[in-house]
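**Student:** Listed below, chain by chain, are the residues.
Number of protein chains: 4
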Amino acid sequence: MSSQQASSSSPKRKVGILGATGTVGQRFILLLTAHPDFEIHALGASSSSAGKSYAKAVAGRWKQAKAVPANVRDLIVQECTVPNFKDCDVVFSGLDSGPAGPVESSFREADLRVFSNAKNYRMDPVCPLVVPLVNPGHFDIIPHQRATLSPSPKKGFIITNANCSTTGIVVPLKALQDAFGPLDKIMVSTMQAISGAGYPGLSSFDIHDNVVPYISGEEEKIESETAKILGDLSKDNNSFVNAPVTVSAHCNRVPVIDGHTECVSLSFQRRPPPSIEQVQAALRNYVCDAQKLGCHSAPAQTIEVHDEPDRPQPRLDRDWQNGAGVNVGRVRDCKIFDVRFVVLSNNVQIGAATSSVMNAEIALKKGYLD
Amino acid sequence: MSSQQASSSSPKRKVGILGATGTVGQRFILLLTAHPDFEIHALGASSSSAGKSYAKAVAGRWKQAKAVPANVRDLIVQECTVPNFKDCDVVFSGLDSGPAGPVESSFREADLRVFSNAKNYRMDPVCPLVVPLVNPGHFDIIPHQRATLSPSPKKGFIITNANCSTTGIVVPLKALQDAFGPLDKIMVSTMQAISGAGYPGLSSFDIHDNVVPYISGEEEKIESETAKILGDLSKDNNSFVNAPVTVSAHCNRVPVIDGHTECVSLSFQRRPPPSIEQVQAALRNYVCDAQKLGCHSAPAQTIEVHDEPDRPQPRLDRDWQNGAGVNVGRVRDCKIFDVRFVVLSNNVQIGAATSSVMNAEIALKKGYLD
Amino acid sequence: MSSQQASSSSPKRKVGILGATGTVGQRFILLLTAHPDFEIHALGASSSSAGKSYAKAVAGRWKQAKAVPANVRDLIVQECTVPNFKDCDVVFSGLDSGPAGPVESSFREADLRVFSNAKNYRMDPVCPLVVPLVNPGHFDIIPHQRATLSPSPKKGFIITNANCSTTGIVVPLKALQDAFGPLDKIMVSTMQAISGAGYPGLSSFDIHDNVVPYISGEEEKIESETAKILGDLSKDNNSFVNAPVTVSAHCNRVPVIDGHTECVSLSFQRRPPPSIEQVQAALRNYVCDAQKLGCHSAPAQTIEVHDEPDRPQPRLDRDWQNGAGVNVGRVRDCKIFDVRFVVLSNNVQIGAATSSVMNAEIALKKGYLD
Amino acid sequence: MSSQQASSSSPKRKVGILGATGTVGQRFILLLTAHPDFEIHALGASSSSAGKSYAKAVAGRWKQAKAVPANVRDLIVQECTVPNFKDCDVVFSGLDSGPAGPVESSFREADLRVFSNAKNYRMDPVCPLVVPLVNPGHFDIIPHQRATLSPSPKKGFIITNANCSTTGIVVPLKALQDAFGPLDKIMVSTMQAISGAGYPGLSSFDIHDNVVPYISGEEEKIESETAKILGDLSKDNNSFVNAPVTVSAHCNRVPVIDGHTECVSLSFQRRPPPSIEQVQAALRNYVCDAQKLGCHSAPAQTIEVHDEPDRPQPRLDRDWQNGAGVNVGRVRDCKIFDVRFVVLSNNVQIGAATSSVMNAEIALKKGYLD
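Chains as they are written, first to last, in full-length UniProt numbering: chain P, 1 to 370; chain A, 1 to 370; chain V, 1 to 370; chain R, 1 to 370.
Hints are computed from structural coordinates only; laboratory data are not their basis. Please note: incorrect hints may appear among the correct ones.
[Claimed, not checked] When the alpha-carbon atoms are kept at most 20 Å apart in a straight line, the in silico SDA-like pairs for lysine to any residue are as follows: (1) K155/R - K366/R; (2) K185/P - K185/A; (3) K185/P - K335/A; (4) K335/P - G217/A; (5) K155/A - N237/A; (6) K335/V - S224/R; (7) K63/A - E308/R; (8) K185/V - A243/V; (9) K155/R - G137/R; (10) K66/P - A243/V; (11) K66/V - G198/V; (12) K221/R - P309/V; (13) K119/V - P102/V; (14) K63/P - P102/V; (15) K335/V - V245/R; (16) K66/R - R284/A; (17) K63/P - D307/V; (18) K63/R - S48/R; (19) K66/P - R284/V; (20) K63/A - R311/R; (21) K119/R - E223/R; (22) K366/V - N237/V.
[To be verified] Chain A is nowhere near these chain V residues, computed Cβ spacing over 12 Å in every case: (23) K63; (24) I76; (25) G198.
Keep in mind that this is a model prediction, so the values were computed, not measured. Think of the CB as a built atom: it goes at the ideal place given N, C-alpha and C, for glycine as much as any other residue.
Isolated chain P (complex conformation):
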């Protein structure tokens, strides 16, 4: 049986969710509750939640517009240790960076497959940093990742997805790189949503009627992650070769609940650069691998290019395709770089949980869950 047919005829794969009571964990639960390929098998959280039913563990902390799904209400939350998840085919991690490092590592050692939303292993030289709309080819370092460990896991690995503000911009950047060759310089200024900070996250006193022109560590993440994601694997699939781009970011928090808006100016290595019409066409025509593979959560269209002068806008466009695609607008000449545009991505969907889930769907299609 080919992996392409997995989702229709195979039994569903058992999944565990680490950090299940947090905001990313809550999103994992909503995405996986009625998923054709996966079924929720185990929920992990801190020791203060362990032993409680999920409904009790999240009482007062469930902040979703949909109620706690019936299939997890009575599931008992467990501590994030290997024995509690040993039957899981896939483990999604929504852990904070504190516990994520040792927990995810121990899970991999125990031959578990970890799809992590945490930052800890993103820049690791053998861990893929995969935005599913961009670089699922990086999965091919997995055999090498296993080989570097002793003992070498047979099935286990760690795959990470990117920071939410990186995720938004690399999608159009990849479309342009595919069409016109290497990019050179990328200037980005972000206006990021409240939900990106988790819960309780920002004090309302800090962000109400305000802009906070600083998010700790965020500019560094965009500047480093982008080159890895846009880069290639080496020919022997043993290392990452960064894309030759220079990225400079200004990161800001604005009073918007969901949806990161990012202003991008960039130059190409190619001279002369492509025209605005060519850039727009390349963005519109980009088809990501997740679409080609027929993944359940993949958007039907990867990038929506808006013609109206004042779009995309977070409140109107963040839920396009359940937040799985990326919106681009205002594609125009730049006085300093080659082209300017605005990107809007849903930071809690494609910018977080949806990326992890789509990565697992891709891994399934590619046979990495066999």
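Add chains A, V and R to chain P, keeping to what the hints say.
**Tutor:** Chains A, V and R only, in chain P's frame:
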């Protein structure tokens, strides 16, 4: 009597306000109600307001935290025609760009001195575009401005102040240009306040929980006005010589009531560029001409440089010095340009009415109101 | 064929939408685009839109999170006159109260069935004011409504739905009246969403970081509409008998995009009054007629009663059941009246377009569209 | 020397501030920095801040639009123990309710005068609960308060001010009680500002684009405090006699930074009740004792009665008289009670720190600081 002593011993100059019922006009009234140099003499608005007391004309439209000042409540609003303002020593214009063009021109022809907040004459080759914290030297084109008209006014002129988003950035740019020589490239991404759009301005439906990544004409204004303001007068004081800068702007509206936040990256012509410490010192040490001249509305310090990593912020910093100074923070290296920083300016004070009033104070000190 | 089977086997009824470019009209389009009983046949708007494709007519005014549906993009918008809608089985009116009066009346005279969201005929002595979750029995005045006209229409009528803030509270009020007999006094204080004011509606300058403790005409609407909706038809179905309730309202606008929150205190005529537990049970057990009839848009549960102390909340609960149900929370004793609670309803769904559409579904089930 | 002359000729009284790093403490500092009667002598906070300069202790937590005043920047923060404050003539407490109970009690035992913003002693049978615009006469229980303690302090006492939402409404209630005799029933529904919850207080995730219809303990505070504040001292000044009012409150949090808006409906015992015009006149003519005594922080007018139908509004009216007065609007008939109106008060000024400071000013004038 020297003009330097004017404010202490002279009788107050009579001022008229055009567009007195609008948001900029309301600010003019608050700034001029207890001013040591000026007294409100005439108020002008559209024909629908003319003939009413000011209190009645603004009923339901007065949107200030302070009540309508007692001294203007019963003043009768008049149409914006020359005869109604012929006794005014100074006329402040808060007119919309539609009527501003012909009205301001007719007032100048009638030998009236016009300080305009409208965009119409900003890029005019004989009209000064003056940010009072930056380039009051441009007033010296006034004799030539008069000479180009026939008949040539004896006292009349038009002086404009800049667009609110331009005003914020040119202050630190000027400080750096003074200290380190010509700037080269300037990239700016703005997060502009609701009040910048006037009243009723933006629909709440458009900006609530949202970002609008577009403000009509705004990017063009920043890109053109900056070079004029940072430039010089020719030696014969007959023309403007633009500064050799290239500016590229992304302009965005965010849900903040007052205060424009702007992320700036720039490069100097000078190699090597100044260090971050030198840049910070130049910003801190900058003293604008309005301060040196002792103008009433001038800030005691032109630029506040914040050391905290998350400042300036509009809600906390926009009222620093009654909004007459400019806040700068996060001065740091840029991966692409030489330096990055954040600017916050009060768009309704220094970005609008305060600039016009301070320009008139400078003109008084320099003898242009004699 | 019984009307009960209409929706499964009949061809879809042709519907027209008046005021199709406005905010209520846009909602009608989204609700009716894939409706099992109805298909959009004609769109009406003002003369400035007439003759344009719908997509062009709403360019820059379409403010929905979903794109303009494909089936109406190219439909030509027409003026709101009878000849343009004569083939419609049902006409939904999202007109402003200015044109709504004469237009709706002329449509009824031309034997068209009008479901109106406008206020004009709500208090008319022969027009039903129907909240579909509350009083569809009022449809039975339709024969008398026709009989009062000369010539008497065979099929035509006007049915109205209630003001958005009235709609929210009458649902739990009806549940309590059904369970415990007549209510006596009802005190309500509202916190209403921005979207209730339409587009452009409120200036952002007025509602940002603010509360406006006044909505023109709103308190009067709640105070009068409630008694009509909770009342009965006379035995001969020729007149409305108001419920013997006294209502006092404080209406406020708050910075929330969708969802009206209303604090209610009420007393029953019955002594002793029911206990809090009885009140909660009556709310939970209430099943509206639209549910019983199996209407497509009816909620599966009419009222959700929250046990958490801090719910319902507009951002979390307004989309429950696509906004077709009503949320109640904090049911508790009142120090002055018998019981206190909080109601949340989705003002743009059950509070507006969803009510009209559900009324038409009920009319279909009851045979009034035959 | 009479106490009336104290402020002009006496040396300033030394004041200590407990909880100086919190939000109420920060307000105390701003109010007392340039006060004619008081000078800041000692600052107290938790042990984690003790030993640091005030500027260092509040780094990252100072959330005021004005900078940390120069006179306290270098003051060393101390633990909240008696020895550190023994030289203080007055101690202001902005402590949380946890530590406030034992700390304030120990300070009183050590003969210190405590003006507390905490809730602990508000309902204490010998502690005055004083809103300075309403009931400074309650100070006269102080001798009895001392007499109940053993050993009895010579100078020490505890005076509390009210909860912020209570403070707003009792001012107009007192004006009406003074004019028309006892009130009967009072229904209030609040829309309270974010800042009322302190810092970090509410998560932005909870209140952005939202209403929270619940504030823990708030309704109970309004319902109990109002009767004590509107009541009298017994003739022997040994106990409080509550006013015979019944209060029912709905308390809500709305996304507004400062300013509590409260909708009030009330009935008088007197039949027939006063007319709307009489009610408006009574509110306008009310002069509080703090004004009569000439206290520094007293408003020049206690209550502003707005005639515009849509005022007061928090963003426009909260800073009237530096937030020391109370705004009332929409005075009108109620369908159920005698009269309805809207109250707006500044919760961080008269609703918190300003009340404590004004209470101390009154105590000074009345000789209780001698």
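**Student:** Each hint needs a verdict: does it hold in this structure or not?
**Tutor:** Evaluated hints:
Between K155/R and K366/R the CA atoms are separated by roughly 14 Å; this keeps the pair inside 20 Å, and the hint holds. Taken as a hint, the K185/P and K185/A pair is honoured in the structure, with Cα atoms around 14 Å apart against an allowance of 20 Å. For the hint linking K185/P to K335/A, the alpha-carbon distance of about 9 Å falls within 20 Å, and the restraint holds. With a CA separation close to 15 Å, the supplied pair K335/P and G217/A stays within the 20 Å bound.
Of the supplied pair hints, the one linking K155/A and N237/A holds, its CA atoms being roughly 18 Å apart against a limit of 20 Å. This hinted pair checks out: K335/V and S224/R have alpha carbons roughly 11 Å apart, not beyond 20 Å. Simply put, K63/A and E308/R have alpha-carbon atoms about 13 Å apart, close enough for the 20 Å limit, and the pair holds. Straight-line distance between C-alpha atoms of K185/V and A243/V comes to about 11 Å, which keeps the hinted pair within the 20 Å bound.
A hinted pair counts as satisfied when its Cα atoms are at most 20 Å apart, and K155/R with G137/R qualifies at roughly 18 Å. About 36 Å separates the Cα atoms of K66/P and A243/V, which puts this hinted pair outside 20 Å; it is violated. A distance of roughly 18 Å separates the Cα atoms of K66/V and G198/V; the hinted pair therefore holds under the 20 Å criterion. Pair hint K221/R plus P309/V holds up; C-alpha atoms about 17 Å apart against a cutoff of 20 Å.
Restraint check for K119/V and P102/V: the C-alpha separation of about 13 Å stays at or below 20 Å, so the hint holds. Under the criterion of a C-alpha separation no larger than 20 Å, the hint pairing K63/P with P102/V is inconsistent with the structure, at around 47 Å. Taking the CA atoms of K335/V and V245/R, the gap is about 11 Å. The hint holds against a cut of 20 Å. About 19 Å separates the Cα atoms of K66/R and R284/A, which keeps this hinted pair within 20 Å; it holds.
For the proposed pair K63/P and D307/V, the alpha carbon gap of about 15 Å is at most 20 Å, so the pair holds. With a C-alpha separation of about 19 Å, the suggested pair K63/R and S48/R falls inside the 20 Å cut-off, and the hint holds. Proximity of K66/P to R284/V is assessed by CA-CA distance (about 19 Å); at most 20 Å being required, the pair is judged to hold. For a cut-off of 20 Å, the pair hint linking K63/A to R311/R stands: about 11 Å separates their Cα positions.
Between K119/R and E223/R the alpha-carbon distance is near 14 Å, which keeps this suggested pair within the 20 Å criterion. Taking the CA atoms of K366/V and N237/V, the gap is near 16 Å; set against the 20 Å cutoff, the hint holds. The claim that K63/V lies off the interface is violated: its Cβ sits roughly 6 Å from the closest Cβ of chain A, which falls inside the 12 Å cut-off. Once the 12 Å rule is applied to beta carbons, I76/V is consistent with being away from chain A; the minimum gap is 27 Å.
Distance check on G198/V: its Cβ comes as close as 8 Å (rounded) to a Cβ of chain A, failing to clear the 12 Å threshold; non-interface status is violated.
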